[in-house]
Amino acid sequence: MFGGIDPTLLIASLMVASVPILLAAVGELVVEKAGVLNLGVEGMMIMGAICGFITAVETGSPALGFVGGAVGGAVLSLLFAVLTQVLQANQVASGLALTLFGLGLSSLLGQGYVGIKPPLSKPVPFGPLADIPVLGRIFFSHDAFVYMSVLSVVGVWAVLKYTRLGLILRAVGENHDAAHALGYKVRRIRVLAILFGGAMAGLGGAYLSLIRVPQWVDGITAGAGWIALAIVVFAAWQPWRALLGAWLFGGISVLQLNLQAAQAGIPVEYLSMSPYLITILVLVIMSSRRGRAALSAPACLGQNFHAAR
Amino acid sequence: MNTSAAELLRIEGVTKAYPGVVANSDVSFTIREGEVHALLGENGAGKSTLVKMIYGLVKPDSGAMRLRGVAYAPAEPRAARAAGVAMVFQHFSLFEALNVAENVALGMENPPPMRELAARIRAVSEEYGLPLDPARQVGDLSAGERQRVEIIRCLLQSPKLLIMDEPTSVLTPQEVEILFQTLRQLKAEGTSILYISHKLEEIRALCDEATVLRRGKVVATCTPRDRTAREMAEMMVGATLTPPERRATQKGAVALGVSDLSVASPIPFGTSLKGVSFTVAKGEVLGIAGVAGNGQDELLLALSGELTSAPDKVRIDSRPVGDLGPVERRRAGLVAAPEERLGHAAAPNMSLTENALLSGAVRQGLVRRGFIDWAATERFATSIIRAFDVRTPGPQVAARALSGGNLQKFVVGRELLQEPSVIVINQPTWGVDAAAAAAIRQAILDRAAAGAAVVVISQDLDELLEIADSFAALNAGQLTRPRPVEGLTIDEIGLMMGGAHGMEVAHHAG
Numbered sequence: 001m002f003g004g005i006d007p008t009l010l011i012a013s014l015m016v017a018s019v020p021i022l023l024a025a026v027g028e029l030v031v032e033k034a035g036v037l038n039l040g041v042e043g044m045m046i047m048g049a050i051c052g053f054i055t056a057v058e059t060g061s062p063a064l065g066f067v068g069g070a071v072g073g074a075v076l077s078l079l080f081a082v083l084t085q086v087l088q089a090n091q092v093a094s095g096l097a098l099t100l101f102g103l104g105l106s107s108l109l110g111q112g113y114v115g116i117k118p119p120l121s122k123p124v125p126f127g128p129l130a131d132i133p134v135l136g137r138i139f140f141s142h143d144a145f146v147y148m149s150v151l152s153v154v155g156v157w158a159v160l161k162y163t164r165l166g167l168i169l170r171a172v173g174e175n176h177d178a179a180h181a182l183g184y185k186v187r188r189i190r191v192l193a194i195l196f197g198g199a200m201a202g203l204g205g206a207y208l209s210l211i212r213v214p215q216w217v218d219g220i221t222a223g224a225g226w227i228a229l230a231i232v233v234f235a236a237w238q239p240w241r242a243l244l245g246a247w248l249f250g251g252i253s254v255l256q257l258n259l260q261a262a263q264a265g266i267p268v269e270y271l272s273m274s275p276y277l278i279t280i281l282v283l284v285i286m287s288s289r290r291g292r293a294a295l296s297a298p299a300c301l302g303q304n305f306h307a308a309r
Numbered sequence: 001m002n003t004s005a006a007e008l009l010r011i012e013g014v015t016k017a018y019p020g021v022v023a024n025s026d027v028s029f030t031i032r033e034g035e036v037h038a039l040l041g042e043n044g045a046g047k048s049t050l051v052k053m054i055y056g057l058v059k060p061d062s063g064a065m066r067l068r069g070v071a072y073a074p075a076e077p078r079a080a081r082a083a084g085v086a087m088v089f090q091h092f093s094l095f096e097a098l099n100v101a102e103n104v105a106l107g108m109e110n111p112p113p114m115r116e117l118a119a120r121i122r123a124v125s126e127e128y129g130l131p132l133d134p135a136r137q138v139g140d141l142s143a144g145e146r147q148r149v150e151i152i153r154c155l156l157q158s159p160k161l162l163i164m165d166e167p168t169s170v171l172t173p174q175e176v177e178i179l180f181q182t183l184r185q186l187k188a189e190g191t192s193i194l195y196i197s198h199k200l201e202e203i204r205a206l207c208d209e210a211t212v213l214r215r216g217k218v219v220a221t222c223t224p225r226d227r228t229a230r231e232m233a234e235m236m237v238g239a240t241l242t243p244p245e246r247r248a249t250q251k252g253a254v255a256l257g258v259s260d261l262s263v264a265s266p267i268p269f270g271t272s273l274k275g276v277s278f279t280v281a282k283g284e285v286l287g288i289a290g291v292a293g294n295g296q297d298e299l300l301l302a303l304s305g306e307l308t309s310a311p312d313k314v315r316i317d318s319r320p321v322g323d324l325g326p327v328e329r330r331r332a333g334l335v336a337a338p339e340e341r342l343g344h345a346a347a348p349n350m351s352l353t354e355n356a357l358l359s360g361a362v363r364q365g366l367v368r369r370g371f372i373d374w375a376a377t378e379r380f381a382t383s384i385i386r387a388f389d390v391r392t393p394g395p396q397v398a399a400r401a402l403s404g405g406n407l408q409k410f411v412v413g414r415e416l417l418q419e420p421s422v423i424v425i426n427q428p429t430w431g432v433d434a435a436a437a438a439a440i441r442q443a444i445l446d447r448a449a450a451g452a453a454v455v456v457i458s459q460d461l462d463e464l465l466e467i468a469d470s471f472a473a474l475n476a477g478q479l480t481r482p483r484p485v486e487g488l489t490i491d492e493i494g495l496m497m498g499g500a501h502g503m504e505v506a507h508h509a510g
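Chains A and B, in that order, are what the protein sequence lines are. In terms of UniProt numbering, the numbers along the first sequence are unbroken and rise by one, the last being 309. In terms of UniProt numbering, the numbers along the second sequence are unbroken and rise by one, the last being 510.
Beta-carbon label-pair distances, calculated as ranges: (1) B/Leu342 - A/Leu87: 15 to 25 Å; (2) B/Gly487 - A/Gln238: 54 to 64 Å; (3) B/Pro19 - A/Gln238: 39 to 49 Å; (4) B/Ala119 - A/Ser61: 49 to 59 Å; (5) A/Gly60 - B/Glu109: 42 to 52 Å; (6) B/Ala119 - A/Phe126: 44 to 54 Å; (7) B/Arg115 - A/Lys117: 52 to 62 Å.
List of simulated lysine to aspartate or glutamate pairs, DMTMM-like, C-alpha gap at most 25 Å: (8) B/Lys217 - B/Glu231; (9) B/Lys187 - B/Glu201; (10) A/Lys161 - B/Glu96; (11) A/Lys161 - B/Asp133; (12) B/Lys187 - B/Glu109; (13) A/Lys185 - B/Asp61; (14) A/Lys185 - B/Glu109; (15) B/Lys217 - B/Glu12; (16) A/Lys185 - B/Asp165; (17) A/Lys161 - B/Glu116; (18) B/Lys59 - A/Asp177; (19) B/Lys251 - B/Glu486.
Stretch-level coverage of chain B by chain A, calculated; a stretch enters the list once three of its residues show a Cβ under 8 Å from a Cβ in chain A: (20) 70 to 82; (21) 102 to 108.
None of these hints come from the bench; they were simulated from the model. Even glycine gets a Cβ: it sits at the ideal position worked out from N, Cα and C.
Bound conformation, chain A alone (with noise of 0.2 Å):
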């Protein structure tokens, strides 16, 4: 014990806390690698959570509570994918008209949805292994989506480094008139990408009114998603260190309230504001083209792509 704090069970939490932050960030971390910059991550958040809660209540399952919150982050982010995609919006606009438009239509959505209870998943019975002290509660007394969600940074990092698929997504994020000369579709693979993130965006948001929650409450991501995306940054576009900017992250959340309820000395606002004080500085240092060089960013990131003649 530290100060009234648990190591154990702070590590523990924190790995809960880190999963919707973890998957929406591995999300727009695809979104990102394809060149395209999508802010509406808080919108399809909330958009997963309010859709996720709703199928789930209505069909009594869990699973199917998580489907549907893939697919409201999904078709949110068509949204986005049809304004800039097909009809050249701005993608800052757009994606933060998408936050905009997410948070109100969620929040009219979940009117009927106020004080009931989802139905809920349990962990994932590991049996004896659970019972080891300390590793069993920090590893194995989780549900599955913990376990999920780190799994999908070893995909997304697989699929990116050494296959094919990854390969060419990473080209249209470099340099998408070259992508287009060599004739791939610039526009259909990031579609597909916006997609792949509107659906782990909403992931994240099923998990918070599914799991963490677990209930419906309007403007229940709080800010997850600008974390996510702040994650993205921070890990300069490394799968791994996105797992690692998310436990930082979601660390941090879940110290501050257990120093609260420690009555640690500390303010918990200094806490509270570090993730973004964090994530200030590594966009300044971001806006310098060199800084953003040497952070490795996609080049065409944020860029639209016109097919010239």
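With chain A fixed as given, assemble chain B onto it according to the hints.
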């Protein structure tokens, strides 16, 4: 050349129109097996559209193509590659943040696993004398090395027809010679090459047949060896060309002095300047050559004032200005015209009048007590349009609506008409047709004759030799000592530009 060799590709009556412009009209020609066929024409003559159709990037409106007697209509580059057509692009289609092997894999249909691909890249690059390390990041390669990546990407697919779009515009003379040896080796192995260029001496040295395009139509075919460069140039332009007139000018006092100037590049994968020193006297034109990406953009930024340095590193009329920004340097008499027309030299969505104000405000006195004198600004814009024969309905037109050549005349004219004492221009005639290019060069010479010191940065050696009094080259951010143009040989120029960047001659023949 064996004229009885079988036909490889026959183009029959191909037409392609875009809104407002016919890019290709009823174009027909034939490429034989093992032939190097030149496609000649000015910018905008329709060469690029034509090869894009052969490579499947653009679909023709009408007409047909036959490859070895079989109907050939590639729906996409993939289909063209499958049929044995490969292309090396004019503006490289490479991914800077990826390594050489990944770049090659992206241009192949079914690439082998990376380790095997790396071995094959090594083998092919050895065979054709184009050494290349598959693990290097493309962003760190020189222009010549990047072109090797593209060529090897094509060669790995054993193409029947290799299309090369302006391949030598980024190479030093030595690198050009090595490229030609590679191409001759390919030709000996039976590969046909479609070679696009407007460098006529190269075409005479390399090509067996030539098709000349003008305004989208085939206007002539010829055997380049039997024609002079001048004859072919006149076929291309459709008019007699007059080279710019050069008056002997008296050199005056030093107007621009640069000593030991080192600045870090603000551009990703850019080249920092290292200890650049030179002086330009009144009435002198200094030509700075170099392969693209060796510090040209950075030199322009450092001279225009967009990048600042210690005060005494840059001097205008002996006055230190190194720490001053562009506006102060304009006031001191230095004007600059960057390479990128849209977005750097001109604001695309603003009218020509507004664009004239942006750089002319200080020297032309177009702003009084914070208010813009629109009448005077419009007079200034109109005078540029008139003096430089800019084809536009009027100064109210947005910059982006002008063709490349017309906008270039406008942005160069805008600087030259401000009666500057020092002029810095990067790529004055890039992408400009021959007549407009001649007009721009003449205007630069006229300014120099009137006593201005001129620095022209260009990748076009012929242009520099035509207008410059002294010559220097940028190589990896370092500037060679300027030398008088008279008496310079093309070999010496090549060595100043960095020689052949570690290339070697192909050592395999069969």
